[in-house]
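J.: Letter by letter, the chains look like this.
Number of protein chains: 2
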Amino acid sequence: MNKADILVHNGTILTMDSQNKIIHNGMVAISGNTISYIGKPAPNAWQSPARPTAGGDNKDSIKAKKELDIQGGLIIPGLINSHTHAAMTLFRGLADDLPLMEWLHNYIFPAEGKMDADFVRVGTLLACAEMIMAGTTTFCDMYLFEEEVARAAKEAGMRSVVGEVIYDFPSPNYGALEKGFIYTEELIERWKQDPLINIAVEPHSLFTCGEELLVKANDLALRSGVPLIIHLSETEEEVNEIKKRFGKRPVEHLKDLGLLGSHLIVDHCVHVNESEIELLAENDVRVVHNPESNMKLASGIAPVPEMIAKGITVGLGTDGCASNNNLDLFGEMDMAAKLHKVNNLDPTVMSAQTLVEMATIEGAKALGLEKITGSLEVGKRADLIVIDTNKPHLVPMYNPYSHLVYVAGGHDVRHSIIDGQIVMEDRRLLTLDVEDIIERSKEKANMVREWVKMKAGR
Amino acid sequence: MNKADILVHNGTILTMDSQNKIIHNGMVAISGNTISYIGKPAPNAWQSPARPTAGGDNKDSIKAKKELDIQGGLIIPGLINSHTHAAMTLFRGLADDLPLMEWLHNYIFPAEGKMDADFVRVGTLLACAEMIMAGTTTFCDMYLFEEEVARAAKEAGMRSVVGEVIYDFPSPNYGALEKGFIYTEELIERWKQDPLINIAVEPHSLFTCGEELLVKANDLALRSGVPLIIHLSETEEEVNEIKKRFGKRPVEHLKDLGLLGSHLIVDHCVHVNESEIELLAENDVRVVHNPESNMKLASGIAPVPEMIAKGITVGLGTDGCASNNNLDLFGEMDMAAKLHKVNNLDPTVMSAQTLVEMATIEGAKALGLEKITGSLEVGKRADLIVIDTNKPHLVPMYNPYSHLVYVAGGHDVRHSIIDGQIVMEDRRLLTLDVEDIIERSKEKANMVREWVKMKAGR
Chain A
0 MNKADILVHN GTILTMDSQN KIIHNGMVAI SGNTISYIGK PAPNAWQSPA RPTAGGDNKD
60 SIKAKKELDI QGGLIIPGLI NSHTHAAMTL FRGLADDLPL MEWLHNYIFP AEGKMDADFV
120 RVGTLLACAE MIMAGTTTFC DMYLFEEEVA RAAKEAGMRS VVGEVIYDFP SPNYGALEKG
180 FIYTEELIER WKQDPLINIA VEPHSLFTCG EELLVKANDL ALRSGVPLII HLSETEEEVN
240 EIKKRFGKRP VEHLKDLGLL GSHLIVDHCV HVNESEIELL AENDVRVVHN PESNMKLASG
300 IAPVPEMIAK GITVGLGTDG CASNNNLDLF GEMDMAAKLH KVNNLDPTVM SAQTLVEMAT
360 IEGAKALGLE KITGSLEVGK RADLIVIDTN KPHLVPMYNP YSHLVYVAGG HDVRHSIIDG
420 QIVMEDRRLL TLDVEDIIER SKEKANMVRE WVKMKAGR
Chain G
0 MNKADILVHN GTILTMDSQN KIIHNGMVAI SGNTISYIGK PAPNAWQSPA RPTAGGDNKD
60 SIKAKKELDI QGGLIIPGLI NSHTHAAMTL FRGLADDLPL MEWLHNYIFP AEGKMDADFV
120 RVGTLLACAE MIMAGTTTFC DMYLFEEEVA RAAKEAGMRS VVGEVIYDFP SPNYGALEKG
180 FIYTEELIER WKQDPLINIA VEPHSLFTCG EELLVKANDL ALRSGVPLII HLSETEEEVN
240 EIKKRFGKRP VEHLKDLGLL GSHLIVDHCV HVNESEIELL AENDVRVVHN PESNMKLASG
300 IAPVPEMIAK GITVGLGTDG CASNNNLDLF GEMDMAAKLH KVNNLDPTVM SAQTLVEMAT
360 IEGAKALGLE KITGSLEVGK RADLIVIDTN KPHLVPMYNP YSHLVYVAGG HDVRHSIIDG
420 QIVMEDRRLL TLDVEDIIER SKEKANMVRE WVKMKAGR
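Residue numbers (numbering that gives the first Met the number 0), protein chains in the order written: chain A, 0 to 457; chain G, 0 to 457.
The hints are simulated quantities; they were obtained by calculation from the structure and are not laboratory data. A few of these clues could be false.
Copies of one chain are not kept apart here, so a pair can be met inside one copy or by any two copies together.
Calculated cross-link-like contacts (lysine-lysine; reagent style BS3-like; alpha-carbon spacing at most 25 Å) [to be verified]:
#1 K254 x K215
#2 K20 x K39
#3 K243 x K215
#4 K153 x K390
#5 K441 x K390
#6 K20 x K452
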C-alpha cells in the first residue's frame, strides 16, 4: 500500500506536459507539496520523490489522508495570471467607457494617490479570493506596497511573483526613487526562502522610467537572479513618445540599454513591429498578453500569433480590475482566442489548446517558474484545479480544451490545490475569510468614493 | 394590506424602462403573470392591473404567497437571446478552430443530416436549462423540428420565438419545400394563443433561398402578423455570392423583393455597407448581433455602433453552441463591448448601459415583444432575474451596469422568474429535471460521435 497526503481521483487529467498527455479516469497523488503520482488508478510503479520507497503490502493502490473523488471532472494545472495589479479590485467598475486620460486623471490617479498599505492589503486579499475561486493558483503582481501583496498572497496560500513599481516619481509607498530600490532589495532578501512568494524588480514603463533607473533595475535583477518586469508598448501614444524622446522604438531602446534577455518579462506588447518581434525572439524575452484590458481601453491588438510563430513564450494576464473588470482567466482565454481569429479573419489561429498552454505552462515559462508549476508532472509542486463538468453548459464534452476555453468560467472550478495545500474545496475557501474580506472591501470602496468625489448613489 | 403572488425585495432594481430608472432598496410584486408593483418597500400608491383596487387595511405593505429576500442583489429584466439554434448544444465543442467549410462539411452537416425530432427535443431542453441558469428568459430560435423546440420551451417555462428553417433543399424534418410552409402555418395556428410561445417565418438565408421562396415567406409573415427572420450577410463570401447572382448587395436584394419592414429581423449583418445601413434604418428592420460566433468563425465585425447611431434596433444573440460555445449572454455583452472598443480604437463606444439595453429592452423590440417583456414596468409580464452580488468578484460595486457587462457571468444569476413563474430558485431549476437532461444529452452525444465517425477517446 502506497501512501500520499492527498489523492484526487476519478477524473480526466490534462497534464499540459511536453506531450500534452491526457489521462482518462486518472488520479493525482500529492505528498507534501509535490505531485508524487499521476496516472491510472492501479499503478504498477509508484514514484514518490517525497517517499521514494514507500514500502507496503499492495502496489496496486494509493491511500491518502484526504481523498477527493471528482466524479468525472477535469484535473488541470492551476492557472497562471501572468500580469495583474491585484489591489485594483477595489477600483473595479469605478469608471468605465471613458477616454483613457479622463479615466486615469479623474479616477485612478486621485484614488491611488491616497492609498495606504492597508488598502493594498485588503484589495489583494479580495483579489486572491476571486482568483482562487476562478482557478488561478499563481499570479504576477505589479503595484505599490508590495510587501502587503506578498503577505496577502502568503495568507491566501497562493503562489506569486511580486514586485514594487519603481518610476521617476515620488511613490505613495516609499517616497523618493532611491528608496524604491532599497524597498525592492528588502523584498528580495525577506522572501528569498519562501516556497510560494517570488520577488521581481519592476520598473513601471519606458515613459515613466529614465535610462539610469532602467539600467540600475536591470543590474539589480541580474545580480539577484530575479525577473525584470516592465509594461511595454501598451499604447501607440507610448511608442510615439519613446520615438520622440530617443529616436527609436521601445524594444530598440531596451536593447541599447542592455535589458533584453530571458530574465525580462514585458507586459502588453500591443504595438511592436516585425523587427521588434525578431529582437524579442532572439533574446528570449518573455511576453504577457492582456487581451481584455487592451480591448476595453481600446489600446489595440497585440500580434500574438506572430510572436508565438517566432517562438516567443507568451503568457496570459488579466491586468488590473480597473480595466477588465475581473480576474477570470477562463474569460481571458475565450476572449483571446476569438479576438485573434476575427482579427486575422482565420478561425484556425489561436486554438483552444494554445490558449490553455498560455494560461498554464507557457505562463509558468514566462515567469521562470516552469520547473515547479504550470503542468502536472511527478516531482513538480502540486498546483492543480478541478473543474466540475456535470452542469448543463458543460454537456456534452467532445474536447476538454475546447470546453476550458469556449465554455467554462472560473465558477466551474470546484477544488483548488496550491503547493500541496487545499485552498478551496467544493467552492469553499479554506485559507481566507470571505465575508470579512467583502466587508472590509466595501469599507475601502466608501473611502474611494470620497477620494474621487463621486456623487452619492452611483 | 395589498396582496401579490410573488414579492422580490431588498435589492437594487434596474428597470431598463425608457428613463433607465434605478431603484435602490426596491421591490417588485407579481400578480399572476404580471408585474403589479415596482418601487420602494412602503408604497403610497399600489397599482395592480391584476387587482386594480386591492382594498385593505394597510397601504404601506405588500404581502405575497412567496417572498424572495434577495439581500442586496440586483433585480433586472430577464435577458433576451435574440438569435440561437438551441438544439446545437449537442454539437458544443464537436469541432473548433477549423476552416469554415471543413467545420460545416465534415462535422455539422453530417450530424444535422441524421438528426430527428427527439434529438432536437433533448438538445433544446439542454439549451433551456443552460439559458435559464445563465439568466436568459426569452430566446429566438431558428432550426429544424421546431414543434419540438416550442414544446421544450413550454416545458421549461421559457418565452420564445421559434420558427422552422425553410430553404430550397429537402429538409430532414419536413422533406420538400412546400411542406416547410405547411409546417410553419401549422406552428402558427397551433401556438397562436400561447402566452409564452411565438412563431416566426424563417427562411434560412439569401444564398439558400430563391426569390420565390422569399416572397412567399414574406407574404406568410405579413398575413399572419408574425416576424420574418433571416440570416443576412454573415460572411463576405455570402455577399459576393449574392452580388454575383443578382448584381446587387444583399440588403438591396431584400428591398427589391419587398421584404424590408419592421416585421423583418436580420441576424448577423457583419458585412453591410453604409447605404445598406441606411436602408435598414429607413425601413425599421431589426438587427441581431452575434459577436462571439462572428469572432470564433472569423466572419468579421458587424458595424454595430454605426447601426445604433442610425437608430436601428439591435438585439444580442449567442448564435448556436457549435460556434460560441455557450449560451451565456453575460459573456456576449462583455465580448461585444470590448470588441467594438478595440475595433474603433475608442473606449467610449458601446457603453455598459448600451449592452444591457441590447440584452433586454432592445432585444424585446427586435423580436416585437417590447410591450410584454424587456423592462420592469407595471403591467408588463413578470420576466426578471436576480443577481447575487455578495461574491468576491462582484465586490465592490460602483456601477451596476458595469458589473453586469464586465464582471458578472450567467452563474451569478440566483433566481429567475418568467411570465410570473419561478423557474429557478437559488440556482435550482424548478421546471426541468437537469440530471435526466444531462443523461439523455450524453446519449445523444454518443450518437453524434458515431455520425461524424470521430475517433474514440477524443
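J.: For which of the previously enumerated hints does the structure constitute a violation, in increasing order of number?
T.: none
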